Amino acid sequence: MTALGRLVHHPTGRVVLVTLALLGVACALAPVLAPGGPEAGSLSETLRRPDARHWLGTDELGRDVLTRLLWGGRVSLSIALLVTVVAPAVGTAYGLAAAASPPLVGEPLMRAVDGLLAVPRLPLYLVLLTLVGPGYWSVVIVMVAFEWPEFARLAYIGALGTLREPYVEAARAQGAAEPRILHAHIWPGVAGPLLVAAAVGVRARVVAETSLSYLGFGIVPPTPSWGNMLAAAQSRIWDYPALAVYPGLAILLVSVAATLLGDALRDALDPTTAISRSRVSEKGVHAHRTDRLAA
Amino acid sequence: MLRFRYLLRRLAQAAVTLVAVTALLFGLLHAIPGGPLRNLIGESVGADPAAAERAEALLGLDRPPLERYLGWAGGLLVGDFGASWVVAPGRPVGPLLLTALGNTLVLTGTALLLALVLGGLVGVASALRPGSALDLGLGLGSLLLGGAPTFWLGMVLLIVFAVELAWLPAGGAQTIGRDDPLDRLRYLVLPVVTLAAVQVAAWGRYVRAALLEELGRDHLRTARAKGLPETVVLLRHAAPNALTPLVALLSLEVPALVAGATVTEAVFSYPGLGRLLLSALRAYDWPLVQGIALILAVAVIGSSLVAEVVVAILNPRLRA
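Chains A and B are the protein sequences, given in the same order.
Mapping to numbering that gives the first Met the number 0: the first sequence position 153 is 152, numbers consecutive.
Mapping to numbering that gives the first Met the number 0: the second sequence position 185 is 184, numbers consecutive.
By construction, these hints were calculated from the structure, which means they are not laboratory data.
These numbers were taken from a predicted model, which means no experiment stands behind them.
Note that beta-carbon positions come from the ideal geometry of N, C-alpha and C, so glycine has one too.
One or more hints might be untrue.
[Stated by the list, open to error] For each label pair, taking beta carbons as the anchor points, the in silico distance ranges come out as:
#1 A:A175 with B:T221: 46 to 52 Å
#2 B:G136 with A:A88: 35 to 41 Å
#3 A:A27 with B:V231: 56 to 62 Å
#4 A:S77 with B:V309: 41 to 47 Å
#5 B:L248 with A:V219: 32 to 38 Å
[What the hints assert, rightly or not] Residues from chain A that keep clear of chain B, each with C-beta distances beyond 10 Å, as calculated:
#6 L6
#7 L19
#8 G23
#9 G56
#10 A88
#11 S100
#12 S137
#13 Y166
#14 V167
#15 A169
#16 A172
One chain only, chain A, in its complex shape:
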């Protein structure tokens, strides 16, 4: 059975995949489901309680909350997805290149990666976004710029470990070309941890984007993001606290689902062992590290 097949048959994996897919499709279809757009609203209908017309009520400018949740999700989810695709791709290419080069070149290349990994990300994101200005692509670029080193590190360590394996030596002795060795012998050993890290990191990416937008440095109004919706909601917590509930629940749903997906993916890629104690420990340390770095 392929890894994808095992993921689909994994008990939590299936539920989580369906949840994320439904949410993703709903947000992607926002222009169809809520054709009025996220900025349509009537100032005579502000802060309405939920009813048949506005299922989750309206916000402080009379805009439909559900509509804005869908459009905001389009922004927040697509940023997380973009970074989840681009950062691992860049990082993997860099890490593999560093592993394939002689140590005299490869080690300085990885030193730079270590330096980037040591930087507390949020303050730096804030400074850079101040300089380049807020907006969708600014957020994507700034996040990719500091997300790829993690994957470079993983790819480098994985590839270096595999390069020394006897079977790689054997393939080389048989006259296999370097690209063939990379593809057939190195990549399978490196891909698993990279995929898991990409999936587990979705949580941190959604939280990072929403935090930046909440602080006013990421996605700025009137474009909705789950983060700036919460910023607007905070100014109304004294008279209408319910506004602060929905975007937060949406973020919570996505990040819990992404975490569980990462766990399921780990199991699917490594079917020989059930969740062993030592693996739980690795997971704990890793989750802890990424949490603190994201903060």
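Following the hints, complete the assembly by docking chain B onto the known chain A.
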């Protein structure tokens, strides 16, 4: 002797890194098209060139960038961080930083302490009974608390305890005009709980995993087999090994102590370093931004240096 030379080399490396980082940031801040002045007063730079020139001279922006950086770095050596431009016009940056840093350390230090104690207790308890209700609760708690963004968690606490129940103040660090520790404590509760909540789950999970791994080792079976009481097995034989990696993880926390509370400080309008950074960036107050960045850089570089030196002292093999 070797040890001293090693230390000296690492110190020199750290100093070079610090200079490089601050110079890079300085260059970035001053490289924006139009210069810092355009950010401060916008398009009106062009309206009155003479006034713009006077302002540039006042802020020292008429000098070449390298001279400005050297001037700033030279001031640091005598404890002068420069003067704020906008957030507190004309006031020296140093005291502003000191106050904010103090507030932040009180917040993050208390939260870390709380998280370590609670997380340690929960972790040990759930490692001793894997699969118990507490153990499952820890798993669920870490999943939910780890998933909730800090600012939302803070807002939920704010709504429950400040808005609905009105037990605690909604923001700030103290009631204006009052200066007693008890009053400050009331303002600290919500931010500390917010910041600690996420960490409790993480530390709990970590301690649980480290201890579980240790409890399966052979030397513990021996300790039990020779009839030692369970508390001695746990404290004398399991804990020391399980705790060693914890110390390494703690060194990672030092930068977080300084920078890790930005979002929490924003939610609760807590006057710490993170919130000062936000105001400085929003106002394009570069001297303030540079000062905060310097503190951060010192925390990051310093903590990794200290961790490395401690490890090197403990393990001579790593020193070559």
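Against the structure, the hints:
1. Between A175 (chain A) and T221 (chain B) the beta carbon distance is about 49 Å. The supplied range of 46 to 52 Å therefore holds.
2. Between G136 (chain B) and A88 (chain A) the beta carbon distance is about 39 Å. The supplied range of 35 to 41 Å therefore holds.
3. Between A27 (chain A) and V231 (chain B), the C-beta spacing of about 60 Å keeps the proposed range 56 to 62 Å intact.
4. Between S77 (chain A) and V309 (chain B), the C-beta spacing of about 44 Å keeps the proposed range 41 to 47 Å intact.
5. Our hint of 32 to 38 Å for L248 (chain B) and V219 (chain A) holds, since their Cβ atoms are close to 36 Å apart.
6. Under the 10 Å C-beta cut-off, the non-interface status given to L6 (chain A) relative to chain B holds; the minimum distance is some 19 Å.
7. For L19 (chain A), the condition that its CB be more than 10 Å from all CB atoms of chain B holds, with the nearest at approximately 13 Å.
8. With a least CB separation of 17 Å from chain B, G23 (chain A) remains clear of the 10 Å interface cut-off, as annotated.
9. The beta carbon of G56 (chain A) is kept farther than 10 Å from every beta carbon of chain B, the shortest such distance being approximately 16 Å.
10. No Cβ of chain B approaches the Cβ of A88 (chain A) within 10 Å, the least distance being about 26 Å, so the stated non-interface status holds.
11. Under the 10 Å C-beta cut-off, the non-interface status given to S100 (chain A) relative to chain B holds; the minimum distance is some 23 Å.
12. At the 10 Å boundary, the C-beta of S137 (chain A) stays outside the reach of chain B, the nearest C-beta of that chain being 14 Å off.
13. Listed as outside the interface, Y166 (chain A) is consistent with that label: its C-beta sits roughly 30 Å from the nearest C-beta of chain B, beyond the 10 Å cut-off.
14. Remark: the non-interface label on V167 (chain A) is consistent with the geometry, its nearest Cβ contact in chain B lying 28 Å away (cut-off 10 Å).
15. With a closest Cβ-Cβ approach of about 32 Å to chain B, A169 (chain A) is found to remain outside the 10 Å limit, as its non-interface label requires.
16. Every CB of chain B is more than 10 Å from the CB of A172 (chain A) (nearest about 33 Å), matching its label as outside the interface.
The structure is consistent with each of the numbered hints, conforming to all of them.
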